[in-house]
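Number of protein chains: 6
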Amino acid sequence: MRIVIVNPNTTASMTAKIGAAAQSVAGAGTEVIAVNPPDGPVSIEGYVDEAYSVPGLLAEIRRQPADAYIIACFDDTGLEAARCVTESPVIGIGEAAFHIASLLAGKFSVITTLSRSIPAIEHNLVKYGLDRRCAKVRAAEVPVLELEDPTSDAATRIATEIEQAKAADRCEAIVLGCAGMADLAASLSRTHGLPVIDGVAAAVELAESVVALGLKTSRLGGYAPPRAKPYTGRFAREAP
Amino acid sequence: MRIVIVNPNTTASMTAKIGAAAQSVAGAGTEVIAVNPPDGPVSIEGYVDEAYSVPGLLAEIRRQPADAYIIACFDDTGLEAARCVTESPVIGIGEAAFHIASLLAGKFSVITTLSRSIPAIEHNLVKYGLDRRCAKVRAAEVPVLELEDPTSDAATRIATEIEQAKAADRCEAIVLGCAGMADLAASLSRTHGLPVIDGVAAAVELAESVVALGLKTSRLGGYAPPRAKPYTGRFAREAP
Amino acid sequence: MRIVIVNPNTTASMTAKIGAAAQSVAGAGTEVIAVNPPDGPVSIEGYVDEAYSVPGLLAEIRRQPADAYIIACFDDTGLEAARCVTESPVIGIGEAAFHIASLLAGKFSVITTLSRSIPAIEHNLVKYGLDRRCAKVRAAEVPVLELEDPTSDAATRIATEIEQAKAADRCEAIVLGCAGMADLAASLSRTHGLPVIDGVAAAVELAESVVALGLKTSRLGGYAPPRAKPYTGRFAREAP
Amino acid sequence: MRIVIVNPNTTASMTAKIGAAAQSVAGAGTEVIAVNPPDGPVSIEGYVDEAYSVPGLLAEIRRQPADAYIIACFDDTGLEAARCVTESPVIGIGEAAFHIASLLAGKFSVITTLSRSIPAIEHNLVKYGLDRRCAKVRAAEVPVLELEDPTSDAATRIATEIEQAKAADRCEAIVLGCAGMADLAASLSRTHGLPVIDGVAAAVELAESVVALGLKTSRLGGYAPPRAKPYTGRFAREAP
Amino acid sequence: MRIVIVNPNTTASMTAKIGAAAQSVAGAGTEVIAVNPPDGPVSIEGYVDEAYSVPGLLAEIRRQPADAYIIACFDDTGLEAARCVTESPVIGIGEAAFHIASLLAGKFSVITTLSRSIPAIEHNLVKYGLDRRCAKVRAAEVPVLELEDPTSDAATRIATEIEQAKAADRCEAIVLGCAGMADLAASLSRTHGLPVIDGVAAAVELAESVVALGLKTSRLGGYAPPRAKPYTGRFAREAP
Amino acid sequence: MRIVIVNPNTTASMTAKIGAAAQSVAGAGTEVIAVNPPDGPVSIEGYVDEAYSVPGLLAEIRRQPADAYIIACFDDTGLEAARCVTESPVIGIGEAAFHIASLLAGKFSVITTLSRSIPAIEHNLVKYGLDRRCAKVRAAEVPVLELEDPTSDAATRIATEIEQAKAADRCEAIVLGCAGMADLAASLSRTHGLPVIDGVAAAVELAESVVALGLKTSRLGGYAPPRAKPYTGRFAREAP
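Chains as they are written, first to last, in our numbering: chain A, 4 to 243; chain B, 4 to 243; chain C, 4 to 243; chain D, 4 to 243; chain E, 4 to 243; chain F, 4 to 243.
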């Protein structure tokens, strides 16, 4: 099975870290290809960065044949559009983490990077229906690329936020709200005594699951393939 | 007052029609500039077209100073990102129509173009909170550009759908779910005996309203200005 | 265009202040008539005051021809009944503020006068669907008529509550929850660095908007004109 | 125990019928006093009639000492205001029927008189939280006073609507949506083979229940006693 | 009228206390029989205890003819199953307390025994639709059987939690979340100045109410009588 | 990895079919043990059957060590209690199907066996938050054990219901609402042209996923291990 995991930002070191995290949980027969587009923001922190990452993301999905795709941004950037351009299942790491957390705990809290990302995550939770399972979305106020910096105190700030979530939110599990936190889940879980879910690993498992089930994205409704039509200007060659 | 209305698709004839509709309801002191980006799909019918229209949309907003902006696609394509790149208020024609309808009727039904567009509209209604006011989102199964074709039977199909909505949905008003239907609202309202709301006109009024109130988009939370950072590849020059 | 703004309480000085606030934002061609009924409570603070203000409110609406009406009590007292007695649009200042705030911010908090008014406002938010957009309804514990008293510390208490809302509610805008706060919005917005919405001004803009759009209240469903029937006793002459 | 049941419309024959229905289910030690105000509409069919019935309703409650009050209009007209003017519990027949139905069935449908009354009932269900238990609110299109006319075919139309509700709504019980239907419940239940709940009887039982429990309406929050203040004009003597 | 109240745990002293509390509020013509099954947990504190109490509970209901049944565990353990095995109404003390509180207050908070019981109560509130009326579910961290111990400080801890609920939840009434607290309601209500509702007493009143109304549980939908079929092993004789 | 799948009814042929379906999708290194309790109903069709199946289900889980457990009844019978008696993850086939369907389609409809099972499934969807993703729960009116009978027309009735769901519900995927339908999913998906999800296969994949992720059920909140206490009578030896 071949899974392509797309980091929709253009920071190759983060792509490598995500790829390693993904491969480490993948099954024996699963090949994980981690890619990022050449075009777009070096990190995704808010709606504007999201918008500029989607054309590159869709191009990677179209370029890379795969049994399933993973979008490795916690905002599930471009998820609906991606589902329209391929029959193969597409999993967002945000939704993956929410679904897995829902199997292990009544309510979970999310710890993301920056406050500005909270509304987009809350919108996704409402869209997925899983806002009812989420106690609170919190921000550790750690910029995304600081997670790549071994000298940063990001881990401490995340740990502090987890303790506050346990005390104040009545949450039973933690979802880590950024692909760049993928390497922290196991040790945080041990330290804080509750399930801590990383979306990258969760998405690999769910992607393998839907492929093993022989299921494809529905072609009815919103995920129907795009209608053939001209695109103009710099997107002309990306027309459906 | 200067209002820039951006048609996020690249069909100039539709932009002209939208601009005329907008100017016709604007106040005496309001200058309406209707533009469309050079890059992107010729019509927006689903998530993929949406994704490729946003970079062009944001470029138009950055290029054109204005007291307020209107996004003239009923999906409110790129609305959140647009709100981050300018302090001036940004109004989507979808949200505008929903808010105006809520002032005139307990419940409204939406008539959009194609079924594939229904889920995105439903998601927006949930995000805005106004799903509770919407009886049903319906599709007349009319492609967007057919609305530009005077020989099409699009108007008949829309009228049929309105009658079905009145009979089956217990709706008290109709929202027209495409910028290309802007010229139909008044006659449909007379014919069917209930308020029929066009989002383009509604958005012009709401844009004028927020400007007159001296209000700007909040810079707290999700609409904070984008963080300065490099963008790579073909989007390098569009970095915040 | 002629807009009649009805202060449903009987305090003429408050009516004058509301009228001045309304006229100051109205367009050049808009005549604003501010009235209050002769019968009823001197201020509206809870369900009983509301109940006794509605007959007078309806009488004013029937007596005064207008292109649109505004109900200048934040509880939107009598709004549904008012919509039944006239085809002209009727806008409540509460709903107006909520809709305008929703165009500028993801979530807003409301600062009203007294705690006893919070449940009615929360009910309205649920009825309108906009509870999902409201972070919290707060009370500054300022009686309505104290807002008319220049020596009161009402402004300070409101400012304190705004700061608490910013810190604790993750709100991105503030809605002022009383017609008597109409004169405070602009300076509070500057001081606290977020949009502060006054319902009186918001309602004037929305009333002008729906009139400019040529729209009337729906006659289907709950806002159908009242059925002709006898009323007895002191209300005999107010029968539909 | 003394229960005052107020028919908020001014039709004495309907008050008598309601009183008889109420007394017939009341306990041995319960005295039921059925009254109606002298002022207001002869029937309540929509928001305007509601508005003009509340001052008379409140006057009756203040005039008549009681251990508990019942408001015998299915819209629960003036319920919140009534709870403020007396410590004794006040029960609306609409809420009473919904609560009792929720003890006997997963979901219920409501059969009311006229379509125009549906939105107010739906708002109440949302306010009470019991919209989740209601499959559908239906109208038999029977004016209220036609229920007083023994030659009308109202009973047939209600029966037809119940059969449609059973077939289409997956409802497990029926709530009769008008005080004037109080005498029909038992026979409809036998005929249609499911619980049919009349709000008048339900309210009598719930009023007796809360009195037996020694409970009073909360004085905190929205039901706090009205603040002392002047009322002007024809309501001057009804000031709190 | 004969009401059987089943304490689904096997602690006879608690059954006796519940029975006395129930009889004390019952009407003159009501015989209250308090029973508990011989099989199962000595107290119900969480999902596992619930599961093992239901077969005994159902056996008691089948064994004891009654006009109505009450399930005297605040989790409403086995309520749906119980409604299938008898036509007579079955009332849970949890739902009873929520419904009665909703007649007296806009919002209530619940004080239960242990944190582990909170999620089950929250699920019930969502299922009943009354989560919208509940400000917060709180735990006093008092094990169930400690309520039977006169030397415990349980009452103090409950009082403390009520004061916190008043200060922080904006609640207008308190629901006591355990059958073992039945004897505390009246004095807590006096001390804390708001309605305090005990589910045992509430359920007796509601059981009497539905019997007086001549109503039975619906046989349509989920409460249909169980289909005849073999049960195997130790439950063979309990097959429907 | 060792997965124990418990069929909570006592029909061994159905257990065998479920076991075969589960093993057929399990990974190479996964051993699937399918068991059923000796005690309880031969099929689960409604709340009473559910109640009598849980003690046997819990006993099987305690008796059989495993890396993960699956409850093979679409009602997710006993799921919460099961999560308390083991640290290993426990997956219900109902929730599994809902979560997998949510990754492939905007909205799904459920086709279950009998109408009486619909309310329990709807309650679960609300509890999980995924009611927002479910277009409708439908019943093919096929008793569970008829699915074991090769001469029955069950498959035809299910196919008919799927076509009605596609036409009327705007659903984009189908969830099969009974473990006994596990063998039908693939062919129904091909025939009807949309994803058809079987909960047994979905649960196997999710169980493998959470085990591969190294995650356990949270011990905080509702899934805390049961408190040690006596159980009496026939359940004495099953005390925690």
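Some clues are possibly wrong.
Each pair may be met inside one copy or between any two copies, as identical chains are not told apart.
[Unchecked claim] Within a straight-line C-alpha distance of at most 30 Å, the following computed DSS-like cross-link-like pairs (lysine-lysine) qualify:
#	residue 1	residue 2
1	K169	K20
2	K139	K232
3	K219	K139
4	K232	K219
5	K20	K232
6	K169	K219
7	K169	K232
8	K169	K139
9	K20	K219
10	K139	K20
Think of the hints as simulated: they come from the structure by calculation, not from any bench.
(message) Check the structure against each numbered hint from earlier and tell me which ones fail, lowest number first.
(response) Violated: none.
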